[in-house]
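Visitor: Chain by chain, the residues:
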Amino acid sequence: MNLLLNWLDHRTGYRTLMHEALNEPIPGGAKWKYVWGSTLTFVFAVQVITGFFLWSAYSPSTLTAWESVYYIQNVMSYGWLVRGIHHFAAQAMMILLGLHFMQVIIAGAYRAPREVNFWLGLVLMQIVLGLSLTGYLLPWDQKGYYATKVATNIVGVTPMIGPQLQQIAQGGTSYGHHTLTRFFALHAGILPALLVGFLALHIFVFRRHGITVSKSDESKPVGTFWPDQVLMDAVACLGVLATILFFTVWKGAELTGPADSSEAYSAARPEWYFLFLFRFLKIEEVDKLGLAFGALYVPGAIMGVIALMPFIGHWKLGHRFNIAFAFALLAGASFLTAIALKEDAADKNYQAAVKAAEFEGHRAAELAKEFGIPPTGALSLLKEDARIQGPKLFARHCASCHRYNGHNGLEQVRMKEVEENGHKTKVEEPATAADIGEFGSREWIKNVLTNYPSTFEPLKHAGEKGEKFLDGEMAGWVKENAETLKKPENADSLKSLAEFLVAQGGRKEMQPLDPALVAAGKEIFKTGKLASGSFTTNCSDCHALVPADGSESLGDGAGPGYPTLTRYASHQWLTEFVKNPAHDSFYGSDRNLMPAFESKLNDKELKQLIDWMVGDYFQSK
Amino acid sequence: MEPSSSLPTEKTTPRRSFLAAAGSIVIGGLITLTPLISGVAFFLDPLLRRRPPFKGGDAEGFLAVTNLSDLPDDGTPLRFVLRADKVDAWNEFKDQSIGTVYLRKMPGNQIVAFNDTCPHLGCKVDYQEASKTFLCPCHASAFQLDGKPMNKIPPRSLDTLASKTDPDGKVWIKYQDFQCGVEKKEAVQ
Chain G
1 MNLLLNWLDH RTGYRTLMHE ALNEPIPGGA KWKYVWGSTL TFVFAVQVIT GFFLWSAYSP
61 STLTAWESVY YIQNVMSYGW LVRGIHHFAA QAMMILLGLH FMQVIIAGAY RAPREVNFWL
121 GLVLMQIVLG LSLTGYLLPW DQKGYYATKV ATNIVGVTPM IGPQLQQIAQ GGTSYGHHTL
181 TRFFALHAGI LPALLVGFLA LHIFVFRRHG ITVSKSDESK PVGTFWPDQV LMDAVACLGV
241 LATILFFTVW KGAELTGPAD SSEAYSAARP EWYFLFLFRF LKIEEVDKLG LAFGALYVPG
301 AIMGVIALMP FIGHWKLGHR FNIAFAFALL AGASFLTAIA LKEDAADKNY QAAVKAAEFE
361 GHRAAELAKE FGIPPTGALS LLKEDARIQG PKLFARHCAS CHRYNGHNGL EQVRMKEVEE
421 NGHKTKVEEP ATAADIGEFG SREWIKNVLT NYPSTFEPLK HAGEKGEKFL DGEMAGWVKE
481 NAETLKKPEN ADSLKSLAEF LVAQGGRKEM QPLDPALVAA GKEIFKTGKL ASGSFTTNCS
541 DCHALVPADG SESLGDGAGP GYPTLTRYAS HQWLTEFVKN PAHDSFYGSD RNLMPAFESK
601 LNDKELKQLI DWMVGDYFQS K
Chain S
1 MEPSSSLPTE KTTPRRSFLA AAGSIVIGGL ITLTPLISGV AFFLDPLLRR RPPFKGGDAE
61 GFLAVTNLSD LPDDGTPLRF VLRADKVDAW NEFKDQSIGT VYLRKMPGNQ IVAFNDTCPH
121 LGCKVDYQEA SKTFLCPCHA SAFQLDGKPM NKIPPRSLDT LASKTDPDGK VWIKYQDFQC
181 GVEKKEAVQ
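Quick mapping for you: the protein sequence lines, in order, are chains G and S.
Each residue of the first sequence is one higher than the one before, starting from 1 at the first, in the numbering used here.
Each residue of the second sequence is one higher than the one before, starting from 1 at the first, in the numbering used here.
None of these hints come from the bench; they were simulated from the model.
In this text the structure is predicted, and so the values were computed from the model without any measurement.
Treat the hints loosely; a few may be bogus.
[As the list claims (entries may be wrong)] Calculated lysine-lysine pairs in the PhoX-like style (CA-CA distance at most 20 angstroms, straight line):
#: 1; chain 1: G; residue 1: Lys383; chain 2: S; residue 2: Lys94
#: 2; chain 1: G; residue 1: Lys526; chain 2: G; residue 2: Lys495
#: 3; chain 1: G; residue 1: Lys416; chain 2: G; residue 2: Lys348
#: 4; chain 1: S; residue 1: Lys170; chain 2: G; residue 2: Lys369
#: 5; chain 1: G; residue 1: Lys215; chain 2: G; residue 2: Lys316
#: 6; chain 1: G; residue 1: Lys282; chain 2: G; residue 2: Lys215
#: 7; chain 1: S; residue 1: Lys94; chain 2: G; residue 2: Lys369
#: 8; chain 1: S; residue 1: Lys86; chain 2: G; residue 2: Lys369
#: 9; chain 1: G; residue 1: Lys486; chain 2: G; residue 2: Lys529
Could you build all of it, start to finish, from the sequences and the hints given here?
Guide: Spelled out as structure tokens, the structure:
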């Protein structure tokens, strides 16, 4: 062994190299505050390792990027672990970068003779920011897509050459395959190569002048890098890695739904470490000065001041200024980040949008697992999915009047601007039609029969016709019969009637049915006889109904404008109703207030809306 | 620079330094190996997970190919394409060709099915009408009508596939690929 090592040393001189590398003198000995540079190098190494393996499974194109990342994350062995480490290590790098920077400023390590190395460090910082920006787009999910669009649009406002720069970055006038291939080439190719090069220079120049120690340590005995400082560095790296692993296991790297340029993404935010910039650009005064001012000139000026720090720091006062400037930056960024987080936490619609984006990612993965991804990409799975499209259609077409369990289908609240005492405020927009989240369920039917005014209460905001509806025959019937129906002796009768009507819809989500109750309900519908007392008018006197079990018709009803209850609340009934509620077999043109959607929704949209309303879509076990 | 972990220091170290060195090496190894081992395990995914190459067929995985009546009675092999939903990593492609087979109808309506992949190195063999042999265009492997090799090039006979005929006269094949270049017929999975 020794012989072999001697031979190797003779040929390579590795011992001198090692000696050189490890016996770097550290006046005053090893210190915890010196670990940040090493932790950064370590995390970069982790990124190179995990990055290579992710590369082996990633496919950069708009039809395969999300898909391959989904596959890495959800299907491949340990994919969640490798991607999780890569994802959270990238964020750890940002924090460590900040710590390293602050340490350098506080210790005055940027001053002569270390100016050049300080500038090399700033170059490294830009490269790391570039890596994080390019990496964020690669999963091609809604979150990365819209966050990165902001970045490339900022590039676009660069004076003179903005549009050209933007097109070069995007590989065209809009996002597409070449945006991904370019970002990937930057992320996995040139940027890491540059980082390695500049890091080597950074460490080389660092060694030339040695570590910056405080005055009091200069007189103390000199320690060496190996082994005390190495141990501290290793322990710090272990702490960083443990944190990364903790987040990987606890949270996991997220993947929202596949990028969709046709779908607004109301949860769009940059990654948390750029949140301060996002909030800064939203300040009204900054916004007024234009995007280039806030997004280019101000950050550029700040970077300029930082780059000049070695000169400013020549004087004692200058050094103090630099420290104050760095802390002010940190405080400002923290403050803006805190405001942004606070505002978002208070914004219910933003929270709903985040939830919806997470759900879309989850849903796309669920569908991909069940059906495989078609060659047209995972986005087409979502486009064909009633569970995703139904609520969107509801929000777009129905929520201006209706509510769905209190929200607009997407768990957002519709707001409108009103003027109050001279200034505008946003208030919740009142509904003008029933909340149909529970439409066609047992609860819905019971509520209509016993609590008509509260079920249709929003109609009082719907003008004259709405008032008429609330004063109509059915309302009158409920007024006469609700008390009877609510009697404890009639609890089973009410249940039976509801069960019978639910049975007419034949909806999957309402199964299983109780046949005894259905049969009893049918009798009540026909005869109006309850366990205690009877209805003033029979259901069948007004409503036509041919039972779903194929038995004889229970009556033809009272004619146009008395809704037919044959297959009530079924997919078909709802489809016909939504197409034209003014049809004689529904409300009739005299009483109806709802617009006909026959011409507003195409067949596919109508089907997706109704599929969603009746729960007819793939549901994982 | 991160130091290499196995380092002989030149000067003799006191006990405290030795502990620090040992600690550095252990922790340094641990933190480097964690991402590395995770990555290697991820890279070995093809060995850690079974992936069916296609979806479709009946409960036993047989695919319908042709009708018994469409096969010549004299036992001349005919080539058929098998279609199923091809699974490629995350993608599923509906109704694709997933492989080709030669079918022969033997006396008593017995079916002999060959995977037409040469067991030598995986090119497709072609049936030669004139010589009534299967010939591989790549390395001249040759097989008799019954699939037995006619020269020393292929390591084994053509690979036969399980088949069945249903009451309607439809021929079903269980399609499989086999490891090339070895004497033993082993399904790739």
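Visitor: For each hint given before, does the structure comply? Return the numbers of the non-compliant ones in rising order.
Guide: Going through the list in order, the structure violates hints 4, 6 and respects the others.
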